[in-house]
Amino acid sequence: MHPIRKKRLTILAFLVAGIALAVGLTTYALRQNINLFYDPTEISAGNAPVDVRIRAGGMVEEGSVIRDTESLKVNFRVTDYAASVPVQYVGILPDLFAEGQGVVAMGRLNEEGLFVADQVLAKHDENYMPPEVADALEKSSKGLNKANAEKAAESAAY
Amino acid sequence: MYPELGQLALILALLLSVLLAVVPLAGALTGRDSLQAFARPLASGMFVFTGLAFAILIHAFLVDDFSVAYVANNSNSMLPWYYKFSAVWGGHEGSLLLWILMLTGWTLAVAIFSRRLPSTMVSQVLAVMGMVCVGFFLFIIVTSNPFDRMLPNVPADGQDLNPLLQDIGLIMHPPMLYMGYVGFSVAFAFAIAALINGRLDAAWARWSRPWTTVAWSFLTIGIALGSWWAYYELGWGGWWFWDPVENASLLPWLSGTALMHSLAVTEKRGVFKSWTVLLAIVTFALSLLGTFLVRSGVLTSVHAFASDPERGSFLLMLLGITVVGSLLLYAFRAPVVHVRSRYGSLSREIFLLLNNVLLVSATLLVAIGTLYPLVLDYLDAGKLSIGEPFFNTTFSPLAVATGLLLGAGIFSRWKKTDGGMLARKLLWPLAISLVATAAVMVNYGSFAPWAFAGVFTAIWIAVATLWDLWDKSASRQGRLHGLKRQSRSYWGMVLGHLGVAMVMAGATVVSNYGVERDVRMTPGDSAMVGDYEIVFTDIGERQGANFTAQYGSFNVFLDGKLVTDLHPEKRNYPVGMSVMTEADIDAGLFRDVFVAIGERISDDAWAIRLQYKPLVRWLWLGSLVMAIGGFLAIADKRYRIRVKAEEKQKAQAGNTAPGKPAEASS
Numbered sequence: 001m002h003p004i005r006k007k008r009l010t011i012l013a014f015l016v017a018g019i020a021l022a023v024g025l026t027t028y029a030l031r032q033n034i035n036l037f038y039d040p041t042e043i044s045a046g047n048a049p050v051d052v053r054i055r056a057g058g059m060v061e062e063g064s065v066i067r068d069t070e071s072l073k074v075n076f077r078v079t080d081y082a083a084s085v086p087v088q089y090v091g092i093l094p095d096l097f098a099e100g101q102g103v104v105a106m107g108r109l110n111e112e113g114l115f116v117a118d119q120v121l122a123k124h125d126e127n128y129m130p131p132e133v134a135d136a137l138e139k140s141s142k143g144l145n146k147a148n149a150e151k152a153a154e155s156a157a158y
Numbered sequence: 001m002y003p004e005l006g007q008l009a010l011i012l013a014l015l016l017s018v019l020l021a022v023v024p025l026a027g028a029l030t031g032r033d034s035l036q037a038f039a040r041p042l043a044s045g046m047f048v049f050t051g052l053a054f055a056i057l058i059h060a061f062l063v064d065d066f067s068v069a070y071v072a073n074n075s076n077s078m079l080p081w082y083y084k085f086s087a088v089w090g091g092h093e094g095s096l097l098l099w100i101l102m103l104t105g106w107t108l109a110v111a112i113f114s115r116r117l118p119s120t121m122v123s124q125v126l127a128v129m130g131m132v133c134v135g136f137f138l139f140i141i142v143t144s145n146p147f148d149r150m151l152p153n154v155p156a157d158g159q160d161l162n163p164l165l166q167d168i169g170l171i172m173h174p175p176m177l178y179m180g181y182v183g184f185s186v187a188f189a190f191a192i193a194a195l196i197n198g199r200l201d202a203a204w205a206r207w208s209r210p211w212t213t214v215a216w217s218f219l220t221i222g223i224a225l226g227s228w229w230a231y232y233e234l235g236w237g238g239w240w241f242w243d244p245v246e247n248a249s250l251l252p253w254l255s256g257t258a259l260m261h262s263l264a265v266t267e268k269r270g271v272f273k274s275w276t277v278l279l280a281i282v283t284f285a286l287s288l289l290g291t292f293l294v295r296s297g298v299l300t301s302v303h304a305f306a307s308d309p310e311r312g313s314f315l316l317m318l319l320g321i322t323v324v325g326s327l328l329l330y331a332f333r334a335p336v337v338h339v340r341s342r343y344g345s346l347s348r349e350i351f352l353l354l355n356n357v358l359l360v361s362a363t364l365l366v367a368i369g370t371l372y373p374l375v376l377d378y379l380d381a382g383k384l385s386i387g388e389p390f391f392n393t394t395f396s397p398l399a400v401a402t403g404l405l406l407g408a409g410i411f412s413r414w415k416k417t418d419g420g421m422l423a424r425k426l427l428w429p430l431a432i433s434l435v436a437t438a439a440v441m442v443n444y445g446s447f448a449p450w451a452f453a454g455v456f457t458a459i460w461i462a463v464a465t466l467w468d469l470w471d472k473s474a475s476r477q478g479r480l481h482g483l484k485r486q487s488r489s490y491w492g493m494v495l496g497h498l499g500v501a502m503v504m505a506g507a508t509v510v511s512n513y514g515v516e517r518d519v520r521m522t523p524g525d526s527a528m529v530g531d532y533e534i535v536f537t538d539i540g541e542r543q544g545a546n547f548t549a550q551y552g553s554f555n556v557f558l559d560g561k562l563v564t565d566l567h568p569e570k571r572n573y574p575v576g577m578s579v580m581t582e583a584d585i586d587a588g589l590f591r592d593v594f595v596a597i598g599e600r601i602s603d604d605a606w607a608i609r610l611q612y613k614p615l616v617r618w619l620w621l622g623s624l625v626m627a628i629g630g631f632l633a634i635a636d637k638r639y640r641i642r643v644k645a646e647e648k649q650k651a652q653a654g655n656t657a658p659g660k661p662a663e664a665s666s
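Those protein sequence lines, which keep their order, are chains A and B. Taking the UniProt record's numbering, the leading residue of the first sequence gets 1, the next gets one more, and so forth. Taking the UniProt record's numbering, the leading residue of the second sequence gets 1, the next gets one more, and so forth.
The set of hints was computed from the structure by calculation and includes no laboratory data. Treat the hints with care, since some could be wrong.
The calculated BS3-like cross-link candidates involving lysine-lysine, where the alpha carbons are at most 27 Å apart (straight line), are [as the list claims (entries may be wrong)]:
(1) A/6 <-> B/416
(2) B/383 <-> B/268
(3) B/268 <-> A/6
Work the whole structure out from these sequences, hints included.
The following block contains the structure:
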């Protein structure tokens with residue numbers, strides 16, 4: 001074969017191999033690592049998969065935080081003011097975690113409908129609302145609990 | 001009155017940038033020197049007026065002028081003066097002004113340091129820089145004016161700077177990052193100018209190389225500072241989260257790294273020209289994309305962006321004009337004549353081509369992982385997040401492959417490399433790296449495939465780099481003479497690659513052998529983390545400048561001997577009603593011991609995070625070494641030796657004398 005063609009072919013082969021590798025890795029990793037978001041209404045309606053790693057978010061329900069005094073276990077409920085979901089987490093909560101504040105939790109839903117979180121994210125500062133939470137609240141505000149929803153939408157408006 | 005002057009200065013700078021975008025280019029195209037002569041004064045004027053606006057904004061912060069909305073939103077009279085100063089770029093409008101200040105600064109630098117370039121080239125480069133400036137001046141004046149007043153209802157006090165940003169890391173991080181982002185505009189301007197006058201040659205590559213390298217070095221430092229800041233300030237000891245904001249800075253870094261290497265090939269061998277131009281365009285486009293992602297609010301919520309689209313759409317428009325315009329130009333003007341083949345299928349050219357393929361793949365991966373959720377969300381096709389595992393599983397193999405190629409590529413030659421010679425050269429480095437990696441595994445006491453791959457790659461890069469240095473510095477007049485004889489750009493490469501090795505070693509070891517424990521502790525309790533015993537002795541309170549804090553006291557023991565005391569804090573900032581975790585870290589070259597206080601569990605019990613972080617410092621030290629390598633490379637003599645014979649001699653004489661001590665010390 002002509003040396004120029006041979007060289008072009010080598011380059012082409014490298015390029016194709018590189019791209020194939022990248023695409024393969026991407027699709028493989030994407031299949032494994034996409035975390036879908038569900039709001040409390042969807043979860044309590046049974047629309048969220050059980051024992052699959054998902055994200056759930058909403059506001060921490062007032063008066064729902066129960067802390068175990070002998071370990072780092074915390075139980076609380078996450079609500080979008082239309083429905084709420086019990087969450088269990090073992091570990092250190094972020095600084096801005098508080099009742100009545102927006103959070104997003106990563107974890108798995110178990111058979112009993114308890115959301116076992118392995119990661120809890122709160123907003124970084126006063127003005128920031130996790131985007132999924134703001135959306136979930138907006139959606140539920142079209143539902144029943146108008147008064148609460150308006151209050152929530154106000155704080156989510158940023 | 002000052003703020004109005006600031007706004008006036010910005011408008012004047014905009015007018016100058018419009019002139020800069022038009023006049024010198026017209027001069028270059030029609031061949032009129034009188035018009036081209038306007039380029040340098042216009043660039044200077046633009047910088048002076050932007051600098052004036054920036055100084056006025058600083059002044060407004062330092063004197064607590066809360067009638068300026070931006071000051072009222074980002075500062076407070078209680079804030080220490082140095083945080084008032086850094087609060088200038090703590091919010092959107094101010095950081096944009098900083099961005100533009102750097103842009104005009106780079107433009108001025110091009111005007112100053114390009115005395116020896118052909119005047120048409122300088123005019124065109126400065127005109128392209130002027131066009132970029134026009135876009136950003138319009139953006140700041142139309143959508144993000146930092147001098148907007150809150151009249152007549154002037155607030156009594158400001159809303160305070162977010163406490164997360166009250167930190168030395170945040171004083172340094174944005175300026176460095178922006179220097180990098182904006183610096184790539186110079187490489188872009190050179191590429192566009194070369195496309196306009198159709199001269200894509202080795203000279204063009206030589207001129208853009210130092211600018212690209214400097215921008216890349218700043219970006220490296222900026223990213224490292226951000227990672228370091230996240231590690232100790234965000235509170236919980238992570239150093240890279242694959243967060244979209246972080247990825248936004250990594251994207252131009254990856255393609256900028258590819259650009260540096262392909263520029264080397266274009267300069268030395270005159271090939272890959274079209275590819276290099278394309279990379280220069282892409283790198284700057286990615287810098288703009290990063291600015292768009294961070295500044296448009298699209299990350300907070302794509303729908304928030306859609307409901308208040310002014311800023312976002314403006315940036316998107318700038319990005320679109322840049323990309324479409326430069327790609328059209330590229331399509332029409334990129335060299336169509338294929339360069340005759342002048343390199344074999346095993347050669348340095350091929351190694352650098354592979355380096356580019358891998359780096360561009362990595363760029364694509366990060367871009368997909370960052371943008372895919374945004375696109376889906378925007379189309380209302382579902383909400384999802386792509387987590388760290390995605391990036392770790394895809395990025396690590398590419399990093400390892402790049403590193404392995406790097407080690408081999410160092411020994412390759414331009415044009416043609418003998419396969420047998422290369423294999424013989426690699427034998428010893430391979431053996432040494434395998435033994436050393438095994439030793440590291442034994443030292444840390446466990447084996448994991450990815451840990452092995454990462455550590456091996458890091459050692460492999462380091463050994464190959466040093467081996468090559470040893471080969472090249474062989475001299476009949478002694479080793480020292482041989483080392484001194486190496487050019488600064490070669491030293492730059494050595495440091496750059498050693499830095500990469502350090503970062504890879506640090507990242508691998510801390511990810512695989514770090515220990516992280518969350519425990520419940522009461523005063524008097526002790527807990528083990530790695531080989532260290534941590535004893536919680538006491539908890540107290542103290543009053544800071546603008547916060548109150550509860551602080552814990554911890555003794556750290558190794559083998560029964562006291563190593564240090566740590567005092568992590570939980571701070572309460574009353575103005576913004578916010579709580580901050582201030583970790584305390586015993587830093588060391590080979591390991592960090594990290595203690596942070598979580599929340600109070602019961603009367604005397606606290607949630608405590610303990611971490612043992614081996615080699616974590618190498619991440620940032622390695623980045624620093626890389627950046628130093630970059631700065632060293634541009635100090636190379638050949639960038640200063642010029643055409644005229646007498647100038648050449650003068651330049652050489654001028655360079656060797658002060659150059660000596662620097663070379664000896666490196």
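Problem - Hint numbers not upheld by this structure, sorted from lowest to highest - result: 2
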